[in-house]
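> What follows is the residue order along each chain.
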Amino acid sequence: MIEFDGISKRFPDGTLAVDNFSLRLPSREITVFVGSSGSGKTTLLRMINRMVEPTSGRILIDDEDVASLNPVTLRRRIGYVMQNSGLLPHRTVLQNIATVPLLNRVPKAEAVARAHELMETVGLDSALAKRYPAELSGGQQQRVGVARGLAVNPNILLMDEPFGAVDPIVRRELQEELLRIQRELAKTIVFVTHDIDEAFLLGDHVTILSRGGHVAQHGSPDEILSNPASEFVADFIGADRGRRALTLRQSEGRTLVVDGTGRIAGVLGAETATGPVSVGAGGRDEHLGEITLGTEAADLPGLDTPGELGSSSEAPGVDTTSPNSGELGSENEAPEVDTTSPNSGELGSENEAPEVDTTR
Amino acid sequence: MLDGLNWLLDPAHWTGSRGIPTRLLEHLAITGMTLLIAGVIALAAGLAIGHTRRGRGLVVGLSGALRAMPTLGLLVFIAVQFGFGVRLAIIPTLIVLVVLAIPPILAGAYAGVESVDPATVDASRALGLTEWQILWRVEFPLALPLIVGGLRSAMLQVVATATVAAYISLGGLGRFLFDALPLRDYPQMLAGALLVAALALILDLLFLLVGKAVLPTGVRAARGNRRSKTPTERTAA
Ligand SMILES: Nc1ncnc2c1ncn2[C@@H]1O[C@H](COP(=O)(O)OP(=O)(O)O)[C@@H](O)[C@H]1O
Ligand SMILES: [Mg+2]
Numbered sequence: 001m002i003e004f005d006g007i008s009k010r011f012p013d014g015t016l017a018v019d020n021f022s023l024r025l026p027s028r029e030i031t032v033f034v035g036s037s038g039s040g041k042t043t044l045l046r047m048i049n050r051m052v053e054p055t056s057g058r059i060l061i062d063d064e065d066v067a068s069l070n071p072v073t074l075r076r077r078i079g080y081v082m083q084n085s086g087l088l089p090h091r092t093v094l095q096n097i098a099t100v101p102l103l104n105r106v107p108k109a110e111a112v113a114r115a116h117e118l119m120e121t122v123g124l125d126s127a128l129a130k131r132y133p134a135e136l137s138g139g140q141q142q143r144v145g146v147a148r149g150l151a152v153n154p155n156i157l158l159m160d161e162p163f164g165a166v167d168p169i170v171r172r173e174l175q176e177e178l179l180r181i182q183r184e185l186a187k188t189i190v191f192v193t194h195d196i197d198e199a200f201l202l203g204d205h206v207t208i209l210s211r212g213g214h215v216a217q218h219g220s221p222d223e224i225l226s227n228p229a230s231e232f233v234a235d236f237i238g239a240d241r242g243r244r245a246l247t248l249r250q251s252e253g254r255t256l257v258v259d260g261t262g263r264i265a266g267v268l269g270a271e272t273a274t275g276p277v278s279v280g281a282g283g284r285d286e287h288l289g290e291i292t293l294g295t296e297a298a299d300l301p302g303l304d305t306p307g308e309l310g311s312s313s314e315a316p317g318v319d320t321t322s323p324n325s326g327e328l329g330s331e332n333e334a335p336e337v338d339t340t341s342p343n344s345g346e347l348g349s350e351n352e353a354p355e356v357d358t359t360r
Numbered sequence: 001m002l003d004g005l006n007w008l009l010d011p012a013h014w015t016g017s018r019g020i021p022t023r024l025l026e027h028l029a030i031t032g033m034t035l036l037i038a039g040v041i042a043l044a045a046g047l048a049i050g051h052t053r054r055g056r057g058l059v060v061g062l063s064g065a066l067r068a069m070p071t072l073g074l075l076v077f078i079a080v081q082f083g084f085g086v087r088l089a090i091i092p093t094l095i096v097l098v099v100l101a102i103p104p105i106l107a108g109a110y111a112g113v114e115s116v117d118p119a120t121v122d123a124s125r126a127l128g129l130t131e132w133q134i135l136w137r138v139e140f141p142l143a144l145p146l147i148v149g150g151l152r153s154a155m156l157q158v159v160a161t162a163t164v165a166a167y168i169s170l171g172g173l174g175r176f177l178f179d180a181l182p183l184r185d186y187p188q189m190l191a192g193a194l195l196v197a198a199l200a201l202i203l204d205l206l207f208l209l210v211g212k213a214v215l216p217t218g219v220r221a222a223r224g225n226r227r228s229k230t231p232t233e234r235t236a237a
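Line order of the protein sequences matches chains A and B.
Sequence positions in the first sequence follow the numbering used here and run 1 to 360.
Sequence positions in the second sequence follow the numbering used here and run 1 to 237.
These aren't lab readings, by the way, just hints derived from the structure by calculation.
Heads up, the beta-carbon is just placed ideally off N, CA and C, and yes, glycines get one too.
Please note: incorrect hints may appear among the correct ones.
Calculated cross-link-like contacts (lysine-lysine; reagent style DSBU-like; alpha-carbon spacing at most 35 Å) [unchecked claim]:
1. Lys187/A - Lys130/A
2. Lys130/A - Lys108/A
3. Lys108/A - Lys187/A
4. Lys212/B - Lys187/A
5. Lys212/B - Lys108/A
To list a few chain A residues with every Cβ distance to chain B over 10 Å, as calculated [to be verified]:
6. Ser8
7. Arg46
8. Leu60
9. Tyr80
10. Met82
11. Ser85
12. Ala134
13. Pro228
14. Gly262
One side only, chain B facing chain A, incomplete, derived with CB under 7 Å [what the hints assert, rightly or not]:
15. Ser115
16. Ala119
17. Ala123
18. Ala126
19. Gly128
20. Leu215
21. Pro216
22. Gly218
23. Val219
24. Ala221
25. Ala222
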């Protein structure tokens, strides 16, 4: 467990980056700090491994004050992954991954074997082992960065916008990969991003920060989506607009789901008796994915976690490969919601849409 | 010009304690000693300045002042001022040449370290490298091409200026110039100048090759790769 206890940070130039921040981050789960640029996310993250020293307050890791630990020893126990990989340009992929284990006097053969193992874990072809960072794509570099972060088998992994600089499709892959790795390894991960969708996708817990490291809201993605604490949060998560503001529209006897940008997100398939209707989401927005709405509570393969149902009488099957399909705000007849993407949005309508609150 | 070449080709000038090989070796020895001493001092200071990002202003100012120093004047001053100066002519010579060689080596060292991507250094620190390890395993290897560049321009200056050592009766190629001056032996002066130029060129080429050799493979890859990478490689995750 990582505990921030009344942490403040004022930089020498007078900037108050973090103002009296307190929070407990549970072990073996992902906590995401999300906020716009300059809200103090990086500063908070870097105080955990003493890359930044707080002006006041304490940070405890498993009840031990990090200020009492040697910074180098502390950092070698904590994985760190940053946006532009920060790989050593003059070292090969394998050497980069094995850097810290070798510093820790792990025998060479062992360190190399472990580095190969880690390459597999993060989905890198072992043929890349002898390449230099400049010979890799941005996505591959980030995978090496993650492997390096895991090299000392740390309990804690700090990630500062690790997928911020890669293109959306690759980012998507890396996010899925991280979730898979986390299911296997169950690290305590602190993940920083300014992308709310990424926060909701990855976070078991999400902390929305405003300037000065003020906590605008902290909770599970569901809690935040279903109950934004303030205007600021509602605005930040885009609850009332864009992809998250779903409304229903009748058209030629069918009910269309329209998002806040006016794009048709899908068809509400209440009238089809033959099973779920799959509707491809319109447009280039890969986050929207495919929405299947249907009346049958048939068991679908790959049912992760059933959604939590608000007020409906019929239990729906909810199959989501990712969290937070959104909030469907209505009273009766639960549909099946199948979304390959997070946070499809909030369905704000009066008819036929039940409230579906999904967790991963 | 032709006279100078003729002088050079005369076999009589290639033997004995006053011959070309001896003078060449003396010149090389003075140059080598100078670079060794200046290298130790300037590299230590330059790496420290580059790593800590402190004291740069002071050193830039000092280097400027050193560059403006009148070499011959200082040489004679030191030789005369100190008792050992005339008997042990090598000491004032080395002092003058080292002072001359320090600024370019210093500049190469701190510019080299400062040229390293701050994100690379930051990541290394966050990984748990000590400051010493960051300096020697990250900053130094990546700074090497610029460090060699600094040594190279110091070498050029020292080879040229080491001729003045002969002024206070030391050896080296300068002897051909200073011995010939009172005799108005222009062919010999010309030959001496040609020898200095040739030595400088050869050493320059040597340093150029060393500079290429110390360019880390991964950095070379970064430069070559921008052209050769195929689009599919670039988009693959
Ligand atoms: N080393 C520093 N010196 C002075 N101000 C800084 C420094 N690092 C960050 N800041 C300031 O602190 C605030 C928070 O920065 P940061 O933690 O990097 O935010 P974020 O990661 O959320 O974008 C910003 O106003 C930033 O300008
Ligand atoms: Mg940041």
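> If a hint holds in the structure, say so; if it does not, say that too.
So, going through the hints one by one against the coordinates:
| no. | hint | result |
| --- | --- | --- |
| 1 | Lys187/A - Lys130/A | holds (28 Å) |
| 2 | Lys130/A - Lys108/A | holds (16 Å) |
| 3 | Lys108/A - Lys187/A | holds (25 Å) |
| 4 | Lys212/B - Lys187/A | violated (44 Å) |
| 5 | Lys212/B - Lys108/A | holds (29 Å) |
| 6 | Ser8 | holds (22 Å) |
| 7 | Arg46 | violated (8 Å) |
| 8 | Leu60 | holds (20 Å) |
| 9 | Tyr80 | violated (4 Å) |
| 10 | Met82 | violated (6 Å) |
| 11 | Ser85 | violated (8 Å) |
| 12 | Ala134 | violated (3 Å) |
| 13 | Pro228 | holds (34 Å) |
| 14 | Gly262 | holds (31 Å) |
| 15 | Ser115 | violated (12 Å) |
| 16 | Ala119 | holds (5 Å) |
| 17 | Ala123 | holds (3 Å) |
| 18 | Ala126 | holds (4 Å) |
| 19 | Gly128 | holds (3 Å) |
| 20 | Leu215 | violated (9 Å) |
| 21 | Pro216 | holds (3 Å) |
| 22 | Gly218 | holds (3 Å) |
| 23 | Val219 | holds (6 Å) |
| 24 | Ala221 | holds (4 Å) |
| 25 | Ala222 | holds (3 Å) |
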